[in-house]
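> Going line by line, the protein sequences match chains A and B. Residues in the first sequence are numbered consecutively from 1, following our numbering. Residues in the second sequence are numbered consecutively from 1, following our numbering.
There may be inaccurate statements among the hints.
Using C-beta positions, here's what the derived DEER-type ranges look like [unchecked claim]: (1) E199(B) - G128(A): 50 to 58 angstroms; (2) W304(A) - G17(B): 52 to 60 angstroms; (3) E374(A) - T119(B): 44 to 52 angstroms; (4) W304(B) - H188(A): 25 to 33 angstroms; (5) Y3(A) - S51(B): 48 to 56 angstroms; (6) E185(B) - Q294(A): 48 to 56 angstroms; (7) S71(A) - T119(B): 49 to 57 angstroms; (8) E199(B) - P243(A): 50 to 58 angstroms; (9) Q294(A) - P66(B): 49 to 57 angstroms; (10) R4(B) - T310(A): 38 to 46 angstroms.
One side of the interface only, derived from the structure: several residues of chain B facing chain A at Cβ under 7 angstroms [unchecked claim]: (11) A161; (12) E173; (13) A178; (14) T208.
It should be emphasised that the hints constitute simulated quantities derived from the structure, not laboratory data. Don't be surprised by glycine CBs; every beta carbon is placed ideally from N, CA and C.
2 protein chains.
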Amino acid sequence: MGYRILEPADIPAYLHGRGHWPDLADIQVREVSDGNMNRVFLARSADGTRSLAVKQALPWVRVAGPSWPMSPERADAEARAYEQVAKVAPDKIPAIHGYDPENYALVMEDMSDLEVLRTLLNEGASYGPHTSARIGEFVAQLTFATSDFGMASADRKALIATSVSPELCKITEDVVLAEPYIEHEHNHWHADLTDLAAEFRADTALRTEVADLRHTFMTSAQALLHGDLHTGSVMVGDREGAPVVRVFDPEFSFVGPIGYDLGLYWANALVSEQRARELGTLTDHADQLSLSWQAFETEFRRLWPTRTDTFFDDAYLDRFLRRIWTESVGYAGTEIIRRIIGFAHLTDLTTLPNPAPASRRALLIGRQLILHREELKNPSEVGTVGESF
Amino acid sequence: MGYRILEPADIPAYLHGRGHWPDLADIQVREVSDGNMNRVFLARSADGTRSLAVKQALPWVRVAGPSWPMSPERADAEARAYEQVAKVAPDKIPAIHGYDPENYALVMEDMSDLEVLRTLLNEGASYGPHTSARIGEFVAQLTFATSDFGMASADRKALIATSVSPELCKITEDVVLAEPYIEHEHNHWHADLTDLAAEFRADTALRTEVADLRHTFMTSAQALLHGDLHTGSVMVGDREGAPVVRVFDPEFSFVGPIGYDLGLYWANALVSEQRARELGTLTDHADQLSLSWQAFETEFRRLWPTRTDTFFDDAYLDRFLRRIWTESVGYAGTEIIRRIIGFAHLTDLTTLPNPAPASRRALLIGRQLILHREELKNPSEVGTVGESF
Chain A
1 MGYRILEPAD IPAYLHGRGH WPDLADIQVR EVSDGNMNRV FLARSADGTR SLAVKQALPW
61 VRVAGPSWPM SPERADAEAR AYEQVAKVAP DKIPAIHGYD PENYALVMED MSDLEVLRTL
121 LNEGASYGPH TSARIGEFVA QLTFATSDFG MASADRKALI ATSVSPELCK ITEDVVLAEP
181 YIEHEHNHWH ADLTDLAAEF RADTALRTEV ADLRHTFMTS AQALLHGDLH TGSVMVGDRE
241 GAPVVRVFDP EFSFVGPIGY DLGLYWANAL VSEQRARELG TLTDHADQLS LSWQAFETEF
301 RRLWPTRTDT FFDDAYLDRF LRRIWTESVG YAGTEIIRRI IGFAHLTDLT TLPNPAPASR
361 RALLIGRQLI LHREELKNPS EVGTVGESF
Chain B
1 MGYRILEPAD IPAYLHGRGH WPDLADIQVR EVSDGNMNRV FLARSADGTR SLAVKQALPW
61 VRVAGPSWPM SPERADAEAR AYEQVAKVAP DKIPAIHGYD PENYALVMED MSDLEVLRTL
121 LNEGASYGPH TSARIGEFVA QLTFATSDFG MASADRKALI ATSVSPELCK ITEDVVLAEP
181 YIEHEHNHWH ADLTDLAAEF RADTALRTEV ADLRHTFMTS AQALLHGDLH TGSVMVGDRE
241 GAPVVRVFDP EFSFVGPIGY DLGLYWANAL VSEQRARELG TLTDHADQLS LSWQAFETEF
301 RRLWPTRTDT FFDDAYLDRF LRRIWTESVG YAGTEIIRRI IGFAHLTDLT TLPNPAPASR
361 RALLIGRQLI LHREELKNPS EVGTVGESF
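One chain only, chain A, in its complex shape (with noise of 0.2 angstroms):
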């Protein structure tokens, strides 16, 4: 057969010769795609009692079209990386009924119910007292499995080998860890900002610093990460009464440093907290670094004494997480900076009235994120970096 583009009219056929779908005559299917990258798909039987998602990664970049191409494995990655969650945190994602590597597709539960984290924000709610706190224990169940505490010596070397990922590491490494701190035809950023931007590009502590990150990223293969944990990689709703946090699109997904799964999802908790601070909506997000943080922390610790490799004493943890911390806010620096002055923005800021002054405050908290990380040593006082240098 080989790989070919799946359109709305080939979902019935496709769902039902792979077994996930009985009923031809009762399925009714529409194109939800989103993300910058792939196409979705939702088919649902009219009473709404069966529903099911079809994700296809496409030889391109789909906002782009055909002249950026992208190698569709990137959709291996991401089914590998929900196989691994799936064993360790299988309530944090959603629930995956088949990957077909020939058209590079994942079937998937439908999560249309819920709404993505970003927008959410973005309308003005509040993070809510969950969803800080099941990103942080999603990253520690994720990364200890993956680190040489939660598996064998020999299947992590396995697990380094099959998950590189250089198309997608490729990227990040330049999109989000150089081209924000020299000249390139990808920066852009809001015309009030031209003073900083430039100064940014000048600073060689803050260069140097970034290099290291970066370096850091490359070479460190700590566990696997999602890779591309913002608030639009992670669903929020309510079940039955129940609050729902589903993380996905783990399609970056590479053994790496864990702070860099943190750091983005700070990043982009600081940033929506200037965004709410200018429209006068603020409420609790000052609060998520700490939540996620003590989280991670706290369910790290947790799985400790389940460790393979007993040789890691305590002390050495204690070391590891404050490295994990320090790493985290540098990449939360980073990701902040790339985001105004990078390539790709953030609706958080593009939407607001005037986005200047609250990208300005962002901008200025990521340099000083990234520049003191090693000084600062806990949330309160990320929370209060903008005033502190």
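Here the structure of chain A is known, so what remains is to put chain B in place on it, guided by the hints.
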């Protein structure tokens, strides 16, 4: 055909059949297996003008026999490492004439005119002015070329994936970087060192630092390493009046922390220094850390302007070299200790009339190097570490 164990009588037909030896009437073969793991044969024409070595990995550890199985795939790692080095430092390894992956056999330069560095040192020779400088250059040339400075991002990811070496890394992780610090049946030591061995096992600060170095070994994918760079992996001699230094046996090769290669070499220099001190044959032993580090740093800095990725700035190079330095010091410490109270000991010490005094001095140096690696700033401080703390 499949894998078959080569015997001396097989070598003529083997070399002829693979195109390495034209005249079957003029070949003499002898086995010269010496290391723990593999068999080595030398083939030579009657007049000595033609000669070749054949090295075959057995499916077990040679000195132990079939009761200790070990995948012969380690020869693949060795061949890959030689292939990488041949691109950047062909003068520092034996010429490789062919690799036969079916039989895990390398056909290579006959180096029987050279001597193993450890053997010479044990006989009272000095290092001379060339050896450690060439070793430092070797590490710089191999690791720069296979780091994110010398190799494009996607090629690096492929190298990491193909170079994972679960079985041999596991040996290092256990035998070198864990067992000497816990009760383990592999461990043994000279009766006069029982107090220190017990003290080391009870030293919780030492354990935490070794755990840190061990986790770095497992997770830090800086560059392709030799992986077992002791003085028994170096041959030296003289050809047509010029000094020759050849690094061999890179079967433990994998992508790891650069300091592990330098640290192993330093450990062996520090131990040979203690031997020479004991025997009154001390000459230039104390200079070798400085010579190898300076050659490494000089060569790495010489290569730096050729880096593929210029986002990494000069200030980051300084920081990166400092990190390699610190980790090298730590790994030197772990290598010294494991060679005295761990599984496999060094003839440098075991062949002394009384191994205990030199072993005790070396053990104390080893512990200091691990505990104080962040504070030690240069080779001269390392040389006097036994008196410093």
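> Now tell me, hint by hint, if it's right for this structure.
Right, here's what the structure says about each hint:
1. E199(B) - G128(A): 50 to 58 angstroms: holds (54 angstroms)
2. W304(A) - G17(B): 52 to 60 angstroms: holds (56 angstroms)
3. E374(A) - T119(B): 44 to 52 angstroms: Holds - the Cβ-Cβ distance for E374(A) and T119(B), about 47 angstroms, lies within 44 to 52 angstroms.
4. W304(B) - H188(A): 25 to 33 angstroms: holds (32 angstroms)
5. Y3(A) - S51(B): 48 to 56 angstroms: holds (54 angstroms)
6. E185(B) - Q294(A): 48 to 56 angstroms: The hint (48 to 56 angstroms, Cβ to Cβ) is violated, given that E185(B) and Q294(A) are roughly 42 angstroms apart.
7. S71(A) - T119(B): 49 to 57 angstroms: Check passed, 52 angstroms falls within 49 to 57 angstroms.
8. E199(B) - P243(A): 50 to 58 angstroms: Once the Cβ atoms are compared, 53 angstroms apart, the range 50 to 58 angstroms for P243(A) and E199(B) holds.
9. Q294(A) - P66(B): 49 to 57 angstroms: About 53 angstroms separates the Cβ atoms of Q294(A) and P66(B), which means 49 to 57 angstroms holds.
10. R4(B) - T310(A): 38 to 46 angstroms: holds (42 angstroms)
11. A161: It holds, given that the least Cβ distance between A161(B) and chain A is near 4 angstroms, below 7 angstroms.
12. E173: holds (6 angstroms)
13. A178: Hint on A178(B): holds, closest Cβ of chain A at ~4 angstroms, below 7 angstroms.
14. T208: holds (4 angstroms)
Consistency note: the structure conflicts with earlier hint 6 alone.
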